[in-house]
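Trainee: First to last, the sequence lines map onto chains A and W.
Just so you know, the first sequence maps onto residues 16 to 69 in this note's numbering.
Just so you know, the second sequence maps onto residues 231 to 473 in this note's numbering.
Honestly, the hints are just simulated from the structure, not real lab data.
For clarity, every value in this text was computed on a predicted model and none was experimentally measured.
Where is the CB? At the ideal position from N, CA and C, for every residue including glycine.
Misleading hints may appear alongside valid ones.
[Claimed, not checked] Which residues of chain W face chain A? A few of them, derived with a C-beta cut under 7 Å, are:
| # | residue |
| --- | --- |
| 1 | Leu-338 |
| 2 | Leu-342 |
| 3 | Pro-346 |
| 4 | Met-347 |
| 5 | Tyr-351 |
| 6 | Asp-355 |
| 7 | Leu-442 |
| 8 | Ile-446 |
| 9 | Leu-448 |
| 10 | Arg-452 |
| 11 | Thr-455 |
| 12 | Ile-457 |
| 13 | Arg-460 |
| 14 | Leu-462 |
| 15 | Glu-463 |
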Amino acid sequence: MSDHAVFILSAYLAGLVILGGLTIASLSARTKVRRELAARGLERPREQRARASR
Amino acid sequence: MVDLHFLANPARFRRFSQRVLPSLSFATVLAFCVGLYFALVQSPPDYQQGETVRIMFVHVPSAWLSMAGYGLLAVLGAALLVWRHPLAALMARAAAPVGACFALVCLLTGSLWGRPMWGTYWVWDARLTSMLLLFFLYLGHIALSRAYDDPDRGDRAAAILALIGAINLPIIKFSVDWWNTLHQPASVARLGGPSIHPAILLPLLWMAGSFLLLFILLVLVRTETEIDRRRLENTDQIADQNA
Chain A
16 MSDHAVFILS AYLAGLVILG GLTIASLSAR TKVRRELAAR GLERPREQRA
66 RASR
Chain W
231 MVDLHFLANP ARFRRFSQRV LPSLSFATVL AFCVGLYFAL VQSPPDYQQG
281 ETVRIMFVHV PSAWLSMAGY GLLAVLGAAL LVWRHPLAAL MARAAAPVGA
331 CFALVCLLTG SLWGRPMWGT YWVWDARLTS MLLLFFLYLG HIALSRAYDD
381 PDRGDRAAAI LALIGAINLP IIKFSVDWWN TLHQPASVAR LGGPSIHPAI
431 LLPLLWMAGS FLLLFILLVL VRTETEIDRR RLENTDQIAD QNA
């Protein structure tokens, strides 16, 4: 990628870090809230949901 | 036309999103694998930009989606203020950080492209400045929606900002035509058709599709979380009232 490789790879790395970080944060927030709902009996835990859908 | 009114009910939206998410996640990962192969390996260097054209495969889709995301915020803001749509506020809360991240990726990758091509990371030209303003509008929306103890007041204030800030969208789009800017004019969405060679245009459109899938995926996941979070807050309020 010639002498501009550092700029190209940095751009892809920036995209990966920002969007990957947002994806991980979004998924972990979803898991946390679901766990809280399950703890209060407002939502069935994942294993129970899977069993019920079978 | 597909009737999307059935999604207005948060519980129904949640069920819909839970059904769609697994296949959407798979499609997003697959689309990115193919897209990155084309963007980094298969596509040829540009005759003027050389290899740095590969930055465009990240920069341009993130610019498009950050603008589309703000358009979505404006529509949701109108839906909240005019029709008091139950899902609009929750979806706006979910979409604002996603749009902000896409705007940040656009600014950073544009800056990394600008250094080898223009000789500078940043210039205060109309396109770059209006894009930076869009990023700040996103930050303002996020801050406003969380600034009040009463979430409804925060949502309404953020909706007004979204509607006012939408004026910036045509400014971003036409800034390169209205003012003499260092940023090049539109080369894909223009009246005479795209001016890019298909060998570069097709990977660009593919990457734009992949980014769109990621955007939808993130908004669905975050909206679902916001619905669940609101349920938790409601149960807390009921428990407080009963105590």
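Trainee: Indicate, hint by hint, whether the structure satisfies it.
Mentor: Here's how the hints hold up against the structure:
{"no.": "1", "hint": "Leu-338", "in the structure": "holds (5 Å)"}
{"no.": "2", "hint": "Leu-342", "in the structure": "holds (4 Å)"}
{"no.": "3", "hint": "Pro-346", "in the structure": "holds (5 Å)"}
{"no.": "4", "hint": "Met-347", "in the structure": "violated (9 Å)"}
{"no.": "5", "hint": "Tyr-351", "in the structure": "violated (10 Å)"}
{"no.": "6", "hint": "Asp-355", "in the structure": "violated (19 Å)"}
{"no.": "7", "hint": "Leu-442", "in the structure": "violated (13 Å)"}
{"no.": "8", "hint": "Ile-446", "in the structure": "violated (12 Å)"}
{"no.": "9", "hint": "Leu-448", "in the structure": "holds (6 Å)"}
{"no.": "10", "hint": "Arg-452", "in the structure": "holds (5 Å)"}
{"no.": "11", "hint": "Thr-455", "in the structure": "holds (5 Å)"}
{"no.": "12", "hint": "Ile-457", "in the structure": "violated (9 Å)"}
{"no.": "13", "hint": "Arg-460", "in the structure": "violated (10 Å)"}
{"no.": "14", "hint": "Leu-462", "in the structure": "holds (6 Å)"}
{"no.": "15", "hint": "Glu-463", "in the structure": "violated (11 Å)"}
Figure legend: structure checked against the earlier numbered hints; hints not met, in rising order: 4, 5, 6, 7, 8, 12, 13 and 15.
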